[in-house]
Amino acid sequence: MFDDFKPEDVVWIILFLPLLAAAAIGLFTKRDGKFSAQLSISAVVLTFLVSCGVFLMFKQTVFDTKLVTATPLNWLHIGELKVDIGLRLDPLSLLMLLVVTGVGAMIHIYSYGYMKEDRCMGRYFGSLSVFMFSMLGIVLANNFVMMFIFWELVGVSSYLLIGFWYEKPSAADACKKAFITNRLGDFGFILGIILVWATLGSVNFDELQQRLLKAPEAWGGVAALAGFLIFCGAMGKSAQFPLHVWLPDAMEGPTPVSALIHAATMVAAGVYMLCRVFFLFGAHSNWPAPLAFLNGVTALDLIAWIGGFTALIAALMAVQQNDIKRILAYSTLSQLGYMVMAVGLTGPTAAMYHLTTHAFFKALLFLGAGSVIYGCHHEQDIWKMGGLNQKMKITWLTFLIGTLALCGVPPFSGFFSKDDILAQAAQHSALLFILATLVAFLTTFYMFRLVFVAFTGGARSEAAGHAHESPKVMVWPLVVLAVPSTLAGFWGIDRFIGRNFGGDHAATTSWLDQLFAPFNHSPLAALFGLLATIVGFSLAYTFYAKAENDPLPEKLGALSRAMRNRFYFDEIYEWLIAATHELVSRLAEFVDRWFIAGLGVRGAHGTTELIGRALRLAQSGNLQTYAFLFVAGLVVVIWFSLK
Amino acid sequence: MILEIAVLVSGLGVLLIDLWTPADGKRALGYGAAAAVALILAYSFKLDATAAQFAFGQSYVLDGLALFFKRFFLLAAVVVLVMSVDFADRIQTGISEFYALVLFALAGMMFAASANDFTLLFVSLELITITFYVLNSFQRNQQRSLEAGVKYLILGALSSAFLVYGIALVYGTSGTFQFSELAGNITAVSQKPIFLLGMILIVAGLGFKIAAFPFQMWAPDVYQGSPAPATAFLAVGSKAAGFVLLLRLLFGVAPEIARHWKPLLIGISAVTILYGNLCAIPQRNLKRLLGYSSIANAGYLLLGIAAVSASGAAAILYYLSGYLFTTLAGFMVIAVALRQVEGEDVTALAGLGRRSPLLAAAMTLAMVSLAGVPPLAGFFGKFLLLKAAVQQGATQPAFYWLVAVAIFGVVVSFYYYFGVIRAIYWSNDASQAAPISIALPMRVALWFCIAGMFYLGLFPDAVLGFVEQAVKSLRV
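If you read the sequences in order, they're chains E and A.
Heads up: the first sequence begins at 819 in the working numbering, then just goes up one per residue.
Heads up: the second sequence begins at 1351 in the working numbering, then just goes up one per residue.
Chain E with its partners taken away, still in its complex shape (with noise of 0.2 angstroms):
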């Protein structure tokens, strides 16, 4: 089997690594905490550099070529449909790879510090490890049915890891909503696959944009429909309105399963397959007749309104939390529309660029408020905290780089992946940009509040008055990923992306003109971006730099309450819910009672056991009463068989 061994198999590793440790943990090491972990972290590192010596290997293959594909096993052959397991390689997968293996380690590293103390840390590492498993199987998929497989998978090990602590009620009821919230968009992505599958004929990735290539008349009537419905699948994983409800009580799982699945990875996922399929949508916009309404709308407009939507009542709803880590899921909430609208407004690179930054710095803030909720002893109101920077010196500098990041101020990372999507927005749509600087404005905002009430001032509770600084293994990861959230611009990652979609960004030179590259491109962008920030950061500054309790609520009064309780969209959801839920159970209830249970089950088990009663008595046991019988029987056969 070895004779036509290629070295793109190598990426098989990448792939079962992660796999086989989740198998040797569930299998045999669970209830070894301490070494399932090491195992656990053992294969991620492995991945991650195994991983890096593929980046290398291929670099220029996928550059030349464009694509790499990995011997593919031949999983089903049915008719037209042809579903391979393979492999690709491409630009777009590349970088995620590093991303997912390489912030996974450091989270891995971290959690082997967080979970110290947990008895159940071989169940937490296997989860983990199968996570890693079905994430990297979604990265490298070359088609739209592997990838489903492995999205669906990713869903189950984010349910495990949000329900880890399902004693509590409340972990337990986020994993189920998670998992339901997204069984919902998945149930349109796989519409959207079947729907692909029926009218270009394949699901494999390069398959389908030849064909597109070909002949783009062969979409007939429903690309847009088609778009839709696969971006629903995005919908659910990277939690865009309506379904981004479950991700803020995802929080509920450990702190690192926050950075590493609800913020990093995971939830970018939608916006990476978005990326990945990038080529099924164009300016197709006529819609089937139920959907006639929408006609001249494409997809990509959805999509883009859909993220800018999402990027704006994620970014309110941040400005009035007190949980340090429902801000920043709010925060990564709005993070991801900004993707989500990147990809909108045709934009993948930009949207890819953000997406790798945002994992870098998000996963260090997520981190970094792990490190907090550690150091002070599970409390997680900010409001509780306060004077970190004093004791927790470490994680107080990374902090405020993620939060630097966060707010796109130059030179650190998210400034430049942050402008990227503004200039996208600035040439597309009037309208977006201002929503999206906006969105710039709050985040800033939200963000330092956040570092003011925290970090700065004096202690406001027992809890943050002897805090500590948290163990090594804990604080290395966060020095570690500080590294990428502070230099990532100045590496040229739009570059290399955007040789996936075909883009034309010169090669720049020195580190100083790519600083001020953004400029240059678009002064528009990078001017208003700056001075969203800058208006954020003062007006942070007078309302919390020395806040007791937050003065919002008496200026602004219902908007904050609304934005308090995240617009009461779970309410209504609760609502709409239980009242169709209401409905429909009682009348399937009824038909079940009367129909289903009482004319069928009691009905045919009533009737068959009477009539086997009634035989019985034939059966009496009496030789002659058989002899007649028989002969009876035997004159009846006679008679029907002659007449």
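You may find that some hints are simply not true.
[To be verified] Distance condition first, Cα-Cα at most 25 angstroms in a straight line; then the derived DSS-like pairs of lysine-lysine:
#, chain 1, residue 1, chain 2, residue 2
1, E, K1461, A, K1542
2, A, K1612, E, K1461
3, A, K1396, A, K1822
Rather than coming from a laboratory, the hints here were simulated on the basis of the structure.
Given the coordinates of chain E, assemble chain A onto it according to the supplied hints.
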């Protein structure tokens, strides 16, 4: 012919050796007999029956069909003999005679598989029936066993009377005993109503053997009363002998008449399925339950007869193969697990899952296979039978109704089959808790039956090719 002679010689050998065997060694004779039969079975694979061979002036035929059934009977006999050894302590006197009678019944079945003549048909059937009169009443101190023997004797005599009367009428109208000759001028004689009446009577006689409606009355009583090994052999061997003769007669000699009788056969099949399954519902006695189940299974097998097609015949052979493993496993469990229990009630199985996981698993698998759940043998057999019936649906819509009835029967059967499983694992009132020890040969036989059930369910191709080859000697 060599196979039958070998079996008869072993039977006589058992009787002779018995004379010089001390009383406490007689029981082990059964293992000797089983080994001899196993040897004969192994030898049968050296025989080649691609071209039909005849003996006794064409009254004996060795073709694919005959050879298939001979192996079938030999296999069943090996397991039944092993079971008899285990059962020996419940038989007061003459265990060697019990072994010998099993061997003689086996010889009768093997002759039946090769019958090509009404004389041999009658003689082989009588050999089977008369040995079973004795086998059924072998527990002479038990009234129920004696009752079973007497009932089988009288009703068997009645059916033999009809059979022999039918043979006389057929001979009177056609002038021949021989199947090949009769097949030659079947179109001419099938015009005569007296000939048809004769055929009906013969089929009725065979219907008694397979326990088809309306000749099924004996089955529950006899199954319940007889010693477990005898019941097992009756359920598997005697039923299969009836079917091989039905196939020979209806498919080999007179397919034209069989086609003409399709409505009748459909009716009998449907009523048999319903009767067996419905009557089994209120049953609490395990052996009686299996008696009704055996009636229902005869009904399913008649689906294949009613189809009058090669695929129907192949399906019958396949189904019987699965039925062999399933039924033998079931009776073995009954023989071992209910050793100390009076009455053989289903509740006596309570706690079997803890007392002996192997017995519990074997019984569960047997029930599940009888119910027709994949991936066990029973599922694929039922599937083939239903398929054969559906194929005929295009010409005769009544087949669709038959299939519907069969499926209804399957659904009903789940109730009582799974009732047994429930008793094994989920009943609390276990009166006994001591683990059950199983003798090694019995253990091997159980594993063998389990393996057979899975093999036929998972890898049907090999056996399917085999049975399709076997039914080539029929005229459909």
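Cross-check of the supplied hints:
1. Annotation: proposed proximity of K1461 (chain E) to K1542 (chain A) holds, straight-line Cα distance about 13 angstroms (limit 25 angstroms).
2. As the CA atoms of K1612 (chain A) and K1461 (chain E) are separated by approximately 14 angstroms, the hinted pair is consistent with the 25 angstroms bound.
3. At most 25 angstroms may separate the alpha-carbon atoms for a hinted pair to count; K1396 (chain A) and K1822 (chain A) meet this at roughly 20 angstroms.
The structure is consistent with each of the numbered hints, conforming to all of them.
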